[in-house]
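Peer 1: Protein chains in written order, with our numbering: chain A, 1 to 373; chain B, 1001 to 1244.
Calculated directly from the structure, the hints in this document are not laboratory data. Since the model is a prediction, treat every value here as computed from it, not as a measurement. Some hints here could point you the wrong way.
[Claimed, not checked] Stretch by stretch, here's where chain A covers chain B in the computed footprint (C-beta under 8 Å, at least three residues):
no. : stretch
1   : 1089-1095
2   : 1122-1128
3   : 1138-1150
4   : 1178-1184
[As the list claims (entries may be wrong)] Chain B is faced by these chain A residues, among others (derived, beta-carbon under 8 Å):
no. : residue
5   : Ala244
6   : Lys264
7   : Arg313
8   : Gly330
9   : Val333
The C-beta atom is built at its ideal place from N, Cα and C for all residues, glycine as well.
So you can see what is in the structure, the chains are spelled out below.
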Amino acid sequence: MFPSNESFVGALQKKGVNRRRFIKFCAAMTATLALPPRYVAQVASALEKAKKPVLVWLQFQDCAGNSESILRSSHPSVLEVVLDLLSWEYHEIIMAGAGHQAEAALERVVKEEKGKYLAVVEGAIPLADDGVYCTVSGKTALDIARRVCSNAAATIAAGACAWDGGLVAAAPNPTGAVGISEAVPEAKVINLGGCPQNPANTAAVLVHYLTFGELPAVDQYNRPLFAYGRIIHDQCERRAHYDAGRYVQEWGDEGHRRGYCLYKMGCKGPQATYNCPSVRWNDGTSWPVKSGHGCIACASHRFWDTRSPFYDRLPSVPGFGADVTAGQIGMGVTAAVAGATIVHGIASAVRDRMRTPPGASTPPATRGPAEKN
Amino acid sequence: MSDLRAYAWSEAHKPDPASAPVRVYVWELPVRVSHWFIFLPIVVLSFTGYYMHNPFIVARSSTQFLMATMRFIHLVSGSVFIAAFILRMYWFFVGNHWSSWRSFWPIRRRQWRGMGNMVAYYSFLKKDLVHHVGHNALAAVTYLLMFTLMLIEIITGLTLYTHVRGPWLLAPLFSWIPRVIDIQNLRLIHFCIMFSFFAFVIHHVYSAVLVSWEERNGLIESIFTGYKFVPRDELEEESSWQGK
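All chains, please: the whole structure from these sequences, using the hints.
Peer 2: The structure is reproduced here in structure tokens:
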């Protein structure tokens, strides 16, 4: 890695990234941020002048999927440029140092770059039983997060687990896992939900920070609006099939082969906001719905609990089995009421026959709250 | 009048002459209009809404816009439903005695007694029905429950609409709700309440037929015409406590 006082352009040139590719990157970032093209020049000049900011990447209860996501790049592209943009001082799965050396590097950043460095958090933080379920070099995840994130200029919560606890915090959440905002309320956090988060969005947040000196506009969950502001369903290439009424009925059927809408297969596109359909994955090759699988709304709040079952339209009704749908219960209740009504009707007819016939000594039983029967 | 009496009262339920039926204007026009403009949209909303949940008709060509059309009809009939609901809520406060909110809330002892009577009648513990000019107390409470469920349908529906549409005039009223109750659970609530309407309609039509048959007062016709035929002594009995 390059010394942190070196300019970005110098670093790029050493790496053999020419100006044309650099401007292409700036244009791509401007588009991802949903900014008009005239901002390309501003982004480019800001990045040229930028000192490489220091970044530390913390991993807690995670699967390293977000690290994998940002490291996977088949040919030099956005990702490489982003990697070169920053001075990565600490990242457990890619750093050369280990043990005390590595921890000393982290401690040095926190002390010397206080208030200036960026922290990326991947994974949830367990709070149950004093946080014993996740420790690094004898310190709990909570202690590390408190020390590192509260001294950072900004913290990026990468992926679902760092945002809201993700899979780790899904019911029954045995380790009491929470996201970084809940664990360290004083940290300035921007949440990049998703399982994993899309590296293009991470890059765009960093570029925005370097260009404008502040984090992008966010929604109610502190997620950047440029990435989480639109419903997937509204950007989906299968949307025309949805409106037309053409749906995949079962996996591998004619409609599935023809690329019809996955709504009936439990696609949560209508319930999820993300820019997945436009930035896509694997260098913009594809995304889940394009490849024939419904969206599971991985960028939604607590999606493991709120968006499952992934292959049904609606959540399961509490108290019933997992494979009983709300529709079946509703139909059952309706049928039961209809059956009870028929039985009651017959019984009422029988009751009417049993009433006192006309001309008998008791008066006709018809009305009045003072009725004796 | 005498022809009418002969028609309306069978031999088994022949009234004594002192209580000859009187034609009473029970359901005012806004009550009847709101009744039907709540019922008809619910039929349409249930069909289109169930289709939106589970598109059971599959389009055969790309020129059809089945789901888009269903959603359009759902939104339009939803608006009609909301308008009728608002009209009925308004009439709670300006309508006559039988449509007033006072006759719905069980705030009097006699209403609780009336509920007990109805439960006893329905469960065959009591042979005969206590007659009412307007709603019986049990029906009134049931309608209150249905109005509440309708309100929940309206709120969840408008929240789902806001979720899809984004900013609009009333968005600030609903955009905060998905942060409290997840959008999928709102969908589940919106869907499940539909079945309570199904169950209610079955019971409602059945009990209307049953009570109309018991009371021989033109109850079924009254939701079209507004008039019921009430024995004089019953009317006097009711007007003696009305408004108290």
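Peer 1: Should the hint that Val333/A touches chain B count as held when the rule is a Cβ pair under 8 Å?
Peer 2: Where the cut-off is 8 Å and the nearest Cβ of chain B is about 6 Å from Val333/A, the hint holds.
Peer 1: Three residues minimum, CB to CB under 8 Å: does the stretch 1178-1184 of chain B make the cut for coverage by chain A? Let me know.
Peer 2: holds (count 4)
Peer 1: Let me know if the C-beta of Ala244/A comes in closer than 8 Å to any C-beta of chain B, holds or violated.
Peer 2: holds, 5 Å
Peer 1: Check whether three or more residues of the stretch 1138-1150 of chain B sit with their beta carbon closer than 8 Å to a beta carbon of chain A.
Peer 2: n = 0 at 8 Å, threshold three: violated.
Peer 1: Hint Gly330/A vs chain B: min CB-CB distance below 8 Å?
Peer 2: holds, 3 Å
Peer 1: Holds or violated: is the Cβ of Arg313/A closer than 8 Å to a Cβ in chain B?
Peer 2: holds, 6 Å
Peer 1: Within the assertion that chain A covers the stretch 1122-1128 of chain B, do at least three residues meet a Cβ-to-Cβ distance smaller than 8 Å?
Peer 2: As far as the stretch 1122-1128 of chain B goes, the hint holds, because 5 residues have Cβ atoms under 8 Å from chain A.
Peer 1: According to a criterion of three or more residues whose C-beta lies within less than 8 Å of a C-beta of chain A, is the stretch 1089-1095 of chain B covered?
Peer 2: violated (count 0)
Peer 1: Return the status of the interface hint for Lys264/A: holds when the least beta-carbon distance to chain B is below 8 Å, violated otherwise.
Peer 2: holds, 6 Å
Hints 1, 3 from the list above are not met by this structure, while the remaining hints are.
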